[in-house]
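Engineer: Letter by letter, the chains look like this.
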Amino acid sequence: MGIIRASKLGFDYIKYHDDSEDPEKINAIKGVDFDVEKGQFIAVLGHNGSGKSTLAKHINALLVPTRGTMYVDGVNTSEEEELWKVRQKAGMVFQNPDNQIIGTVVEEDVGFGPENLGVETEDIWHRVDDALAKVGMLGFRDRSPNRLSGGQKQRVAIASVVAMHPECIVLDEPTAMLDPNGRREVLECVRELNQKEGITVILITHYMEEVVFADNVIVMDRGQIVMRGTPRAIFSRVDELKHYGLAVPQVTELACELKQSGVDLPDGILTIDELVEALC
Amino acid sequence: MGEVTLGQYYPTNSILHKLDPRVKFVGTLTYIISLFLIRGVAGWIFVTAVLAGLMFLSRVPFPYLIKSMRPILFILVITVIFNLLLTPGTIVWKFWIFQITKEGIRVAIQMALRLSYLVMGSSLMTLTTTPNALTDAMERLFAFLKVVKVPVHEISMMMSIALRFIPILMEEADKIKKAQMARGADFESGSFIRRMKAMIPLLVPLFVSAFRRANDLAMAMEARCYHGGDNRTQMKPLRYKGRDYVAYLLMAVMLTASILFRIFGKSAI
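Residue numbers (our numbering), protein chains in the order written: chain S, 411 to 690; chain E, 263 to 531.
No wet-lab data here; the hints were simulated from the structure.
One or more of the hints may lead you astray.
Said to hold, decoys possible - Distance ranges between label pairs, derived from CB positions:
(1) R474(E) to N591(S): 23 to 29 Å
(2) A688(S) to A441(E): 43 to 49 Å
(3) I371(E) to H536(S): 55 to 61 Å
Said to hold, decoys possible - Distance condition first, Cα-Cα at most 20 Å in a straight line; then the derived SDA-like pairs of lysine to any residue:
(4) K437(E) to N556(S)
(5) K495(S) to E484(E)
(6) K498(E) to E530(S)
(7) K498(E) to L548(S)
(8) K467(S) to M481(E)
(9) K435(S) to D445(S)
(10) K467(S) to K439(E)
(11) K425(S) to K437(E)
(12) K498(E) to G528(S)
(13) K498(E) to K495(S)
(14) K495(S) to N345(E)
(15) K439(E) to F469(E)
What you are looking at is a predicted structure, and each value in this text was computed from that prediction instead of being measured.
Just so it is clear, CB atoms sit at the ideal spot from N, CA and C, and this is done for glycine as well.
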């Protein structure tokens, strides 16, 4: 059984209009099924309004399903008594690095989660040291978060989640507000956590370049899962991706165009090196 | 915009900085009570010595302490003038409807000293304690109010979050101001009312963004299992050390001395 299991998941919300029209019921996600194995790296793609953030919030029990069920490590997220258990097991990193750091000093922010879990003082310090080391931010422990770069802030946010010893980390567009360097920093950090620590990662994004290393990719559109498979398989379906409003990486697009004009190339080229290899 | 100084914390490694914030908080209260208890020249000499000693121990440069007086300068002057002119007694000097009495001079001097000592003493606390440590101290000291259902933990959490977001919001205000200026907004010229009105295009986006941030932060806190102060442990719990007990002892001595000055001090001043 997978660590995260959603079956026939659906979520509705009511939208109220400013000009007193009748409130409208919107299905943010409908009939979503998916199963994530422990230790996997899953990427969820989709353009704005595809329901990918709503899905992410279900894993952390910030939202509970209107229909269907969501299990995290065997715990049903709809059961209110299990709420804190679910949130400890599935940590969440959000988009805006400024709005998720609570402490005025880096180490205090990392300690916030364990404090809430009621971990003993001495153990909190161990966890904080450990988590900061894992994201490479140990040297910044007594700095003010306001003084860090975007990528560093986001790594602190990841450390804050790691300190709670989660089974899985959900990252909801963690790089959307970062510059290319910060983006690389954060992604490397996430990959390392996945590979070295075996933490299950669910990365929500709309940058195609970020999903190249994922084990599996899920593409969402209008609240439904429309494509799933390995990055290679997904990226070979360039036209379909474009239909869902997603831009494929430049190399993949070039390879696809070349192939259409008659060059003999394999499907789903992901990196520049691969294309060079295939062409020469 | 660089780092914004909050409160007026001045970092040095003095013994006053190392004291437990609770001690400093209680100490400041004791000091203020003593200020209002003492009577007589000897009493004033005693308080002056205490204040000077603490200033020396804090290793905060003297100009910093004097600077803290600036905001109350106006109140200080008004108080002195009113006490000087409106206290009845033996008249020393008279002009038209104004008169200065012997008693008036005494009261004026006493009030001026009291006010300035009060401000200097309490800014000594804020200069040597980080705002966060103070928040922690207050949470612990007022913990007894939980019995009457005062949300002590929540209030202190709110205070520390506010402290974290002040620099962020200031930076944001600066950004919005520049953006509006680029669109032709004029914040500087015109009458007072016009300038106030010109603030609206700055304040509206600032408030909207503050609410959005608050919403995001609340979600991030919930995602990290925050559920109020119950069953919560602390990473940096406040623990008294030897020097803190010594400080409490000294406070008791100071208070006793002030009470003695009250009883035996000449009511001359």
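Engineer: Hint by hint, say whether it matches the structure.
Structural biologist: Each hint tested on the structure:
The hinted window of 23 to 29 Å between R474(E) and N591(S) holds, with their beta carbons roughly 26 Å apart. Range check, A688(S) to A441(E): about 48 Å between beta-carbon atoms, so the 43 to 49 Å window is met. Under the hint 55 to 61 Å, the C-beta atoms of I371(E) and H536(S), about 59 Å apart, fit the expected range. For the proposed pair K437(E) and N556(S), the alpha carbon gap of about 16 Å is at most 20 Å, so the pair holds.
Pair hint K495(S) plus E484(E) holds up; C-alpha atoms about 12 Å apart against a cutoff of 20 Å. For the proposed pair K498(E) and E530(S), the alpha carbon gap of about 11 Å is at most 20 Å, so the pair holds. Between K498(E) and L548(S) the alpha-carbon distance is near 18 Å, which keeps this suggested pair within the 20 Å criterion. As the CA atoms of K467(S) and M481(E) are separated by approximately 10 Å, the hinted pair is consistent with the 20 Å bound.
For the suggested pair K435(S) and D445(S), the alpha carbons sit about 28 Å apart, so the restraint of at most 20 Å is broken. Only pairs whose Cα atoms come within 20 Å are accepted, and K467(S) paired with K439(E) is rejected, the gap being roughly 34 Å. Restraint check: the Cα-Cα separation between K425(S) and K437(E) comes to about 31 Å, which exceeds 20 Å; the hinted pair is violated. Restraint check for K498(E) and G528(S): the C-alpha separation of about 13 Å stays at or below 20 Å, so the hint holds.
A threshold of 20 Å between alpha carbons decides the hint, and for K498(E) with K495(S) the separation of about 24 Å lies outside it, so the pair is violated. About 65 Å separates the Cα atoms of K495(S) and N345(E), which puts this hinted pair outside 20 Å; it is violated. A C-alpha spacing of about 13 Å is found between K439(E) and F469(E), which places the hinted pair at or below 20 Å, so the restraint holds.
Violated hints for the displayed structure, listed by number in ascending order: 9, 10, 11, 13, 14.
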